[in-house]
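Novice: In case you want the letters, here they are:
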Amino acid sequence: SQKIEQNSEALNIQEGKTATLTCNYTNYSPAYLQWYRQDPGRGPVFLLLIRENEKEKRKERLKVTFDTTLKQSLFHITASQPADSATYLCASNSGNTPLVFGKGTRLSVIA
Amino acid sequence: DAGVTQSPTHLIKTRGQHVTLRCSPISGHKSVSWYQQVLGQGPQFIFQYYEKEERGRGNFPDRFSARQFPNYSSELNVNALLLGDSALYLCASSSGLATEQYFGPGTRLTVT
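Order-wise, the sequence lines are chains D and Y.
The first sequence begins at 1065 in our numbering and counts up by one.
The second sequence begins at 976 in our numbering and counts up by one.
No lab work stands behind these hints: they were computed from the structure.
Every value quoted in this text rests on a predicted model; they were computed, and no experiment measured them.
Hints may contain errors.
Among chain Y residues calculated to face chain D with C-beta under 7 Å, some are [stated by the list, open to error]:
hint, residue
1, Gly1003
2, Val1013
3, Gln1016
4, Phe1020
5, Gln1023
6, Glu1026
7, Gly1059
8, Ala1062
9, Gly1071
10, Ala1073
11, Phe1078
12, Gly1079
13, Leu1084
C-beta: ideal position from N, C-alpha, C; glycine also.
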């Protein structure tokens, strides 16, 4: 079955810098990779979805890439702000398969 | 527009008891999924319903069951509660089976 690995448990970054979070999948190439933000005690909030045939997707200060050769997605936040501090979850699914989540990376943006 | 709503927000139960959690999806969404999230882990898939039919089931024991009603709201039932069932239970709705999901605030279940 599919496994999603987010190798960094925590990432600290200076305000204004670009944060880069990594997500690796272990088995088949999923049709979709999705990124969510989760604040403590709250439900995840959808951020971006990228399809297998897309290399890159952008939304405001966010950018996601999908590399099927490396079996990896990178999630970038440019000009990071303290308000971006949260846990970011990567998830994958294909067709009718359920969403499989990684453990998440806790991002702290320091002013 | 109202987002996904869940009730109750918090619940404390004793081992062996039964619990029912409720979820109302975003208006127009026909799919509801349930997830269990323990501290430090990502959400783990329990069930997905679409148009009132079960479309997927995760690796959870038969003590877990769910259903979806004609108005697309959903219930998650857990029987014979164990200490290990303590977690945040999340409901998510979506317009289709493989699209982005919109999560509710969750129900925090504590089993003592």
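Novice: For each hint, tell me whether it holds in the structure or not.
Specialist: Taking the hints in turn, this is what the structure says about them:
A distance limit of 7 Å between C-beta atoms decides the matter here; for Gly1003/Y the minimum to chain D is near 16 Å, and the interface restraint is violated. Taking 7 Å as the C-beta contact cut-off toward chain D, the hint placing Val1013/Y at the interface is violated, the least distance being around 11 Å. Hint status for Gln1016/Y: holds, given a least beta-carbon distance of 6 Å to chain D, under 7 Å. Annotation: interface hint on Phe1020/Y holds; nearest CB of chain D at approximately 4 Å, less than 7 Å.
Given hint, Gln1023/Y at the interface with chain D, holds; its Cβ is 6 Å from that chain's nearest Cβ, closer than 7 Å. Checking Glu1026/Y against chain D: minimum C-beta separation of about 13 Å lies over 7 Å; hint violated. The closest approach between the C-beta of Gly1059/Y and any C-beta of chain D is roughly 18 Å, which is over the 7 Å cut-off, so the hint fails. At a threshold of 7 Å, the smallest CB-CB gap from Ala1062/Y to chain D is about 13 Å, leaving the interface hint violated.
A distance limit of 7 Å between C-beta atoms decides the matter here; for Gly1071/Y the minimum to chain D is near 10 Å, and the interface restraint is violated. At about 6 Å, the closest approach between the beta carbon of Ala1073/Y and any beta carbon in chain D falls short of 7 Å, and the interface hint on this residue holds. For the restraint placing Phe1078/Y at the interface with chain D, the shortest Cβ-Cβ distance is roughly 3 Å, inside the 7 Å limit, so the hint holds. At its closest, the beta carbon of Gly1079/Y sits 5 Å from a beta carbon of chain D; the interface hint therefore holds under the 7 Å criterion.
Nearest Cβ of chain D to the Cβ of Leu1084/Y: about 13 Å, over the 7 Å cut. The hint is violated.
In this structure, the earlier hints numbered 1, 2, 6, 7, 8, 9, 13 are contradicted, and the remaining ones agree with it.
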